[in-house]
Amino acid sequence: MAFVLSAEREREMSEILTRYPTRRAACIPLLHLCQDQEGYVSEEAMHFVADKLGLSTAQVKGVVTFYTLFNTEPVGKHTVWVCKTLSCSLRGAKDIIGHCEKRLGVHVGETTRDGKVTLRTAECLASCGTAPMMQVDKKYHENLTTAEVDRILDRLLA
Amino acid sequence: MLKPVKILTKMYDVPEGWTLRAYERAGGYQAAKRALAMTPAAVIDEMKKANVRGRGGAGFPAGVKWGFMKPDPVKPAYLVINADEGEPGTFKDRTLMEKDPHRCIEGCIIGSYAMGAHVCYIYVRDELHLSKERLWNAIKEAKERGFLGAHPFGGNYAIEVYVHTGAGAYICGEETALLESLEGKRGEPRLKPPFPAQRVFFGAPTTVNNLETIAAVPTVIEMGGEAFSKLSALHHLNDGGCRLYGVSGHVKNPGIFEACVGLTLRELIYDLGGGMSRGELLGVIPGGSSCPVLLPDEKVNAPDEKSVLHPWHGQSVLDVPMGVDTMRNLGTMLGTCCAIVFSTETCPVAVMQNLMAFYRHESCGQCTPCREGVGWIDRIVTKLLKGEATMEEVDRIHEVGNGIMGNTICAFGEGSAMPALGLVRKFRRHFEEHATGKPCSAGGRLVA
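Chains A and B, in that order, are what the protein sequence lines are. No gaps in the numbering here: position 6 of the first sequence is 6 in the numbering used here, and each next residue is one more. No gaps in the numbering here: position 188 of the second sequence is 188 in the numbering used here, and each next residue is one more.
It is worth saying that the hints were derived from the structure and are not from the lab. The structure displayed is predicted, hence computed values, not measured ones. A couple of the hints might just be wrong.
Pairs of lysine-lysine residues, derived as DSSO-like cross-links and limited to a Cα-Cα distance of at most 30 angstroms, are as follows [said to hold, decoys possible]:
id, chain 1, residue 1, chain 2, residue 2
1, B, K230, B, K99
2, A, K138, B, K140
3, B, K383, B, K438
4, B, K252, A, K94
5, A, K52, B, K140
6, B, K386, A, K94
7, B, K10, B, K230
8, B, K33, B, K70
9, B, K70, B, K49
10, B, K252, A, K138
11, B, K426, A, K94
12, A, K102, B, K383
13, B, K143, A, K139
14, B, K185, A, K138
15, A, K138, B, K10
16, A, K52, B, K75
Make a model of the complete structure from these sequences and hints.
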């Protein structure tokens, strides 16, 4: 089925296209719009973006697969990213990751059976002074303790 | 001597300091107004006098960079701001965007005007949602107030500022990769030359500045370049002004602090950072993970009077004022001025494994020495931690690391090889313990 953006996102797309001297430059912002709508970037969405920008689907796919944040498969309703880079790891990121795995009953990279939460690890999220930390969808949670992680995950699973 | 200042962080404690109302009440946008009444050449001249060394890590003099931009009668120029903050240990730009976005926008207005750019893009990593929101809001407010758009401050020099986001790739912090990404492509660094100032972005001359560099610009105009430079203890080394310092890891009070250039690592760790939160200081990575580690018992060896480091000859490396040139002469880098501190309870081999896993994940894969070399080092260190690697393999880390250095398109190669080479050289004993089956004196872990 052909990919269609919602009317509101369609308007946003038109506005985005005015920001750049070339259409191609809007590639990443448009892919974000598609992912916001569907949760991932489907093949159909790649065709859609290629068509809008006058690119080949291969060019768009090359971009999608280069960047970590674009999902090429459906993911959970929420994504939990736990930072595992040095500053966070020096302050207990490993325990936080282990705790999330136990609490959610999944390994890193997997989604809970009910499809609610995907658990992933992240490389440095620029929150080193408030380590350990995790990002849940668009929000940062900093200075984590396992008790705080429980409160956050409880809300997601509710 | 510790010289705390409150310039870049002036708005940090002000309630809703990110709003135009608060920023204007604190004197905001007066510098932009003044700059737009000067000639562009005069603005660039103030930047040169200010000795602002690029805050993104390379330390190139920002005023000199601005001076590379030659007016082009055919092509428009662009100003691009690098806010793709992703260097492990670095978390300073984010505080500016969240707490003082108007200072960033004001810097963009002045920079755009000075370099003949009418469009400025701020490239923010996608994960920083609050930063993006605050910047967009600041742009909207500034536009409504007549500071941006077709007639900023009532004049005829049009300026538009846009926020552009990445999608999770550390390499996009490299300036040519960032430009590729902004053009809508894979973020793969380009061969230089041509340099950005020579028509490379949308075929037009472009300057890429770090976000903290551009945030310093309003103060440079307000104080005058020379006065700004003289805030620094290293003014004589053309390393001027104040900047943000960060400290994370095993300290009691991690965070971002503002101080004049020339703060020492001891002041950062023990005064601002509150001292060690566990154990004793084992090592400090001075300015983001690409900078080779320094040890507290290392002494400055600079008997030559001409050496930049001679005034500190014989003293601990922790007591050298941190500047671009002083740190370079210590065999490391100033980088982003955000230090990662680890204690005697930490295994340096585990530190290296953590960093190599990062670099392995983030290598763009264009150049074989980097793509294969970083993975190779990561595999050796992972084996070492399991007690499965030999001394021969420890020595191979040197070989592979040296094979990366100087053999890649961009500085990512050096940025990953240098910390590896530094760690394996300075913590040889720990690596030997792991390779010879002796118990690791730090338990093989990052944190007990």
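Q.
Hint compliance check: list the failing hint numbers for this structure, sorted ascending.
A. none
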